[in-house]
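As they're listed, the protein sequences go chains A and B. Letter 117 of the first sequence, counting from 1, is numbered 1368 in the working numbering, and no numbers are missing. Letter 29 of the second sequence, counting from 1, is numbered 1280 in the working numbering, and no numbers are missing.
Worth flagging that the hints you see were computed from the coordinates, not collected in a lab. The reader is advised that the hints may include incorrect statements.
Note that identical chains are pooled: a pair holds if it fits in a single copy or bridges any two copies.
What the hints assert, rightly or not - Derived lysine-lysine pairs resembling BS3-like cross-links, with alpha carbons at most 27 Å apart: (1) K1320 with K1381; (2) K1297 with K1430; (3) K1429 with K1556; (4) K1274 with K1503; (5) K1297 with K1399.
2 protein chains.
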Amino acid sequence: MAALSTCPPLTRESVQTAHKRIKPYIHVTPVVTCETINTIANTAQKDRDASVNPPPEDKSSSSENFTAKPKVRLFFKCENQQRIGAFKARGAFHALGRLIDEEGIESVRQKGVVTHSSGNHAQALALAAKTHHVPAHIVMPSISTPSKIAGTQSHGANVIFSGSTSVEREAVVDEVIKKTGATLVPPYDHPDIILGQGTQALELEDQVVEILSHDASLGIRRKTRLDAVVAPVGGGGMLSGICTAMHGTGIKVFGAEPNFEGANDAELGLKFGQRVERVSTLTIADGLRTPVGEIPWTILSNPEKLAGVFSVSEEEIKAALRLAMERAKLFIEPSAAVPLAVILYNEEFRKLVEREAGPEGWNVGVVLSGGNTTVEAIARLFQTVH
Amino acid sequence: MAALSTCPPLTRESVQTAHKRIKPYIHVTPVVTCETINTIANTAQKDRDASVNPPPEDKSSSSENFTAKPKVRLFFKCENQQRIGAFKARGAFHALGRLIDEEGIESVRQKGVVTHSSGNHAQALALAAKTHHVPAHIVMPSISTPSKIAGTQSHGANVIFSGSTSVEREAVVDEVIKKTGATLVPPYDHPDIILGQGTQALELEDQVVEILSHDASLGIRRKTRLDAVVAPVGGGGMLSGICTAMHGTGIKVFGAEPNFEGANDAELGLKFGQRVERVSTLTIADGLRTPVGEIPWTILSNPEKLAGVFSVSEEEIKAALRLAMERAKLFIEPSAAVPLAVILYNEEFRKLVEREAGPEGWNVGVVLSGGNTTVEAIARLFQTVH
Chain A
1252 MAALSTCPPL TRESVQTAHK RIKPYIHVTP VVTCETINTI ANTAQKDRDA
1302 SVNPPPEDKS SSSENFTAKP KVRLFFKCEN QQRIGAFKAR GAFHALGRLI
1352 DEEGIESVRQ KGVVTHSSGN HAQALALAAK THHVPAHIVM PSISTPSKIA
1402 GTQSHGANVI FSGSTSVERE AVVDEVIKKT GATLVPPYDH PDIILGQGTQ
1452 ALELEDQVVE ILSHDASLGI RRKTRLDAVV APVGGGGMLS GICTAMHGTG
1502 IKVFGAEPNF EGANDAELGL KFGQRVERVS TLTIADGLRT PVGEIPWTIL
1552 SNPEKLAGVF SVSEEEIKAA LRLAMERAKL FIEPSAAVPL AVILYNEEFR
1602 KLVEREAGPE GWNVGVVLSG GNTTVEAIAR LFQTVH
Chain B
1252 MAALSTCPPL TRESVQTAHK RIKPYIHVTP VVTCETINTI ANTAQKDRDA
1302 SVNPPPEDKS SSSENFTAKP KVRLFFKCEN QQRIGAFKAR GAFHALGRLI
1352 DEEGIESVRQ KGVVTHSSGN HAQALALAAK THHVPAHIVM PSISTPSKIA
1402 GTQSHGANVI FSGSTSVERE AVVDEVIKKT GATLVPPYDH PDIILGQGTQ
1452 ALELEDQVVE ILSHDASLGI RRKTRLDAVV APVGGGGMLS GICTAMHGTG
1502 IKVFGAEPNF EGANDAELGL KFGQRVERVS TLTIADGLRT PVGEIPWTIL
1552 SNPEKLAGVF SVSEEEIKAA LRLAMERAKL FIEPSAAVPL AVILYNEEFR
1602 KLVEREAGPE GWNVGVVLSG GNTTVEAIAR LFQTVH
């Protein structure tokens, strides 16, 4: 990565500059709406058809308490349709572009880049590196699914296998660096990554204004801009980037986390005023198993930048995933369903929106962070015994 | 339905008129592209990574013969994002609108409409009827899946159960008509339905020009319009509507069918010069189990309107369904994957395109007809034994 000392400040202006830099390489992903899901969101949980809620054992016995009726209109930002199928392409293109600016293309091409990731960041860095004709070394646990290995190799990256613990992976990365001089591009804990991931929020902001102005031209009177964004939080690169992009606009940013086996480290960290440094969870939202990184934490722990984090159960994530697919026809990975799950099923969040948005309601951006899953993985989540 | 004698002629102009009529009630569905799937389509089957082809037992032993390398650029028309999740909304709104024009709204409201369908047509008619405050009676087999029954009821329709054979269903329809005077709105075998379904082709034509002109403004020189459309054929309402819409434009129209248990009745009918009147198949493409209707056949059997029909196996449909979901991130039902399966796996079709399109290639519209399936149904198709 470019040295920290050379990094632009973590401001909205820097996100705008990042956006200009990466625009030739990324997709402006679509923003879509779904009336059916809006209707479900605007109905109190206790009044809904049971089929759209998670199984009842998941709710506390007093389901008659689930009465909040926030008024929201949802705008799905389809980063599942981003290049490599996830928002990670933004950060990778930005970080590599900045590195090239700082060190010169020849030097970067000679040394290459390296990261350890079994997920979307691996493919994103491989694609960015291929685009700039830079060698990429990707350290992946040897137990990674073949489709992810193939996906990374298909972008021309040199995949190197390691054990699956972080100690084992980092040892292999160190070896690669010693041998090649490659520069480490971490998945989230770096300003250039954060600024890159934040660019989606700028697009979302403009796209919602455009959609709403079209409505206005049809004579439908509604608020004309976004009120809030809900995005998943794992390592926190994306959420802190969105907070940075939206800071000063009046648009509130919320984080969404799984709560299985302590995956809600951001929520807990905010509650106790201290970053949680270690998480060990096997939540189905496999992109969100990591604790928030140090630099993202400096942003997320600032209440002027982040309005709150809310968490949901595995069954709530599955129920939201089902609705995104069956009703909105959007193919997404489980991590991407977590914000929708918060909006539909987290009663605390729903009460907050009901209270703050009032009868006028809120236009809410919902980040669908990625779509890299397989039909077999969906089958394992939803198969029924015969 | 409006009496046949009052129907407009089956011409492109009539489709244009139909489009004006239904525009306030339907979505102009998005058209999306996917570079990864284009690359697969443009690679000879024998040269592809095995993971993107159907299992080898499905191919004849001489897989080295699968050498055709057509040059295509695919444009997916996302009717899975149409209202009620399928193109059927177009025909239903058009047919009901025409009926109201012919008979007067008061009369139609008094008598109501009726159909028998367990699928997308039921929901489409229910929605159109609700919109115009017309009572809708939908006869469904009592063995229909609960989600389809609930979907139809959610649009306010009166669902009446019957046995599952067509004789049993028609008997119940006759009873409803005798009791209420309701007008039958058939799913495909009527000019008003055909003209309505054809409207998607007009949108597709314009949307592709728009996408390609954007490319041109970026300095990418390509052909500037659509060369061909591939659409599924079941009862033939949609395919004959598309043929009608495209007639005289020079854009070729192809049909795509499953070949399991004789579901390829249109292909066989064209081969033998006679409409196949009965089909009994349990293909996974459950929207395509019906034989082509009489009026659609008059269009589909005209070689000036339809350029051909090609069929694919169940495994080829599953492979295409997987790619649409995993690569393009589009949630579709199996019937909607059949055109993509033809483009990717039907060697006869691929040779035809290679020959006719030549090195310049074709811009090909691919109709994704609907997205009404469930995660459980996907699980049953793809689950693996543990």
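Give me the numbers of the hints this structure contradicts, sorted from smallest to largest.
2 and 3
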